Amino acid sequence: MTGVIKIPYINLSQQHDAIKDKLMTAVEKVIGHGQFVLGPEVEEFESRFALFCGTKYAVGVGNGTDALIMALKAAGIGPGDEVISVANTFISTISSIALVGAKPVLVDVRDDYNIDPDLIEKAITKRTKAILPVHLTGRPADMDPIMGIAKKHGLKVIEDCAQAVGAEYKGKKVGTFGDIGVFSLHPLKTLNACGDGGVAVTNDKEIQEMLATYRDNGMKNRGEYVVWSSNSRLDTIQAAMLLVKLDHFEKWTEKRIANAKFYQKAFSHLNVVRFPVEHPYEKSVYHTFVIQADRRDALSSFLAEKGIGTKIHYPIPVHLQPAARQLGYKKGDLPRTEQQSQNILSLPVYPELNQENLGYIVQSIEEFYKGRGGS
Amino acid sequence: MRVGYSYLKQQFANIDPYLSDIKKLILSEDLTLGKPVGEFEEGFSKLTGIPYAIGVSSGTDALILSLKILGIGPGDEVITTPNTFIATVGAIAMTGARPVFVDNNAEHTIDVTKIEKAITKRTKAIMPVHLSGTPADMPAIMKIAKRHSLRVVEDAAQAILASIDGKHVGSWGDAAGFSLHPLKNLNVWGDGGLIVTRSKELYKKLRLFRNHGLVNRDEVEFFGHNCRLDSLHAVIGNRLIKEAHFITNKRIEYANQFDEAFKKIPEFITLPPRRRNFKRVYHTYVIHAKRRDALLKRLLENGIDAKVHYPIPLHLQKAAKYLGYKKGDFPVCEAHCRNIITLPVHQYLTQEQMDYMIDCVYNFYKS
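Chains as they are written, first to last, in our numbering: chain A, 1 to 375; chain B, 1 to 367.
Just so you know, these hints were derived from the structure itself, not from any lab.
For clarity, every value in this text was computed on a predicted model and none was experimentally measured.
Mixed in with the good hints, there may be bad ones.
Claimed, not checked - Straight-line Cα separation of at most 30 Å, DSS-like style, residue types lysine-lysine; simulated pairs:
#1 K330(A) - K35(B)
#2 K6(A) - K35(B)
#3 K220(A) - K326(B)
#4 K330(A) - K29(A)
#5 K23(B) - K251(A)
#6 K200(B) - K20(A)
Given these sequences and hints, build the entire structure.
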């Protein structure tokens, strides 16, 4: 029996309903000037986003995947090169490496779901050009050792911050450690457009110029083309709506963190539910709140019956996807990633959840393990 | 009098229905490849009579995905023309294939008599461009393609509703790309594009290809791109598509008025040949003018947004340097670049504006 969903996994309409007038005013402003392609709102968003991250430059692009592809190209990565990343991530981290013609090399993760820096050096070959750490769930990867390894071996670092706008590692925002930081602004992300969007940040003027040219058909100006390229521009209407959301963003992030803390406290007595330890030097922004749970699938069904939406990020690790056949991995190659994919479960953590919602979710999970939904 | 090139302002005259659609969308959570995109794809397919349409994020992406899905990549050659928008050639280069140029004819489309000379062992496809909304000679191109077993991807970015003998552009080749960029005949309010194809197999693959290769939320069949037509723009497209015939007819009407007027001064203005069985949709109205630069300057001074599409042919662009072309390689195209001029021809022009433009051109040559 499936009950009526009382707490959906995601509730965008609630977010948008609260700010709908402001969003529509922003849309109307764009229509007022009619500059739909790379209009002033894109530039304004870029400068505010760069300021927020603490980088010199931000370049708005069509989506997070394109941001990764263009970042890899700007870093000079192409056919014959290898890029080290993880299998426990959204597909586009890895497909972007493959789509620039490079070979993704996958290493295992730690208990915090992020790349295990201790495994990186063993994966480095003569062809390795870059490391692509993912700040999964909004938790920063362990950047100090990663940057140390990159420096020692002369590798580029491109950070996949798709889920981690505003996350910090030792007081510094993610995206600012490597050569380029790449963000997604997809509707399901913490800073979300009402459609596709992405942005890349960097302190390197040359990279900024390359990204700006790549996103715009390789155009320097209307008649002059310096490089062949596709076209992937952050939409002006989306940028206008993102500017509205930026005003609320820090408050929303604080609420996500508070929701996560509530879960962490509640589950600290429940040893069947585990979650990453939060280090004092990191600020996680909880795009997802991912637990590792005994009898995960049964728990997920039980919660669904209780009207609580959950998801799995991600049930099939990238190296075991049909798309990755060409890479030659097999089951057992990344044991921790594979084990986690069996136990992980994402609970609702969005800012609009109230205390009652959170209490109900915790209570339902406790109820499951007390036996009523168990066995 | 001022005659603008862009017509977006007029499109906003009755904005409320659009705004209410956008508001509804924002509150719907249906923000990625949802109902509005499906509805637009269906509408486009109905409009053109081409069975399958796939909404993508831009006309450029439409071409890149079409070429890639047909297996075109590094080591291959694709034949096209140097007088086109950068995206045509950019798309070929982005697949890793080598663009091979063939000169164009007096209609500004690929010169079909020169294609076969450009075919090598590596040639995999022809990418004709229906520039300015004028169809390339598709019957001839398809014959050549068949003879040499080449794929054909039509760049129909500027040519919605153009046709040859009633057969729509985009329905001739294996696949075709359309653009919905704000300045196109059928536009959205940002970037957008469409791929059309008659092949169900290609259609199925392209639907995955534009969305990460995702078969469902958790399973990835092959490494794909992310280039989805934005739902917000599909919402706009769903309203504007109802006007597609009106837009096209109005542009044709104005272009015919220009043609009639300029036929009277053949010593100054040369019109491209107008084949009778071709339906041109005039995304741009491009003619050949004596003393082009002086005319352009005069028109701009008189408040008319005249333009040049395009002043520097692609084989002479910095991006094309590695291809090894030089000045003189494509004499027709290069000569055109020196004397072509584009006049506004959009559907919202008034008769007064039309008369004014014609007068300005007449007066320029009288003085």
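Evaluation of the provided hints:
1. K330(A) - K35(B): 38 Å, violated
2. K6(A) - K35(B): Judged against 30 Å, a Cα distance of about 24 Å means the pair holds.
3. K220(A) - K326(B): Satisfied, since the Cα-Cα distance of roughly 21 Å is no more than 30 Å.
4. K330(A) - K29(A): Not OK: K330(A) and K29(A) at ~53 Å, beyond 30 Å, violated.
5. K23(B) - K251(A): 24 Å, holds
6. K200(B) - K20(A): 40 Å, violated
Violated hints, in rising order: 1, 4 and 6; the structure is consistent with all others.
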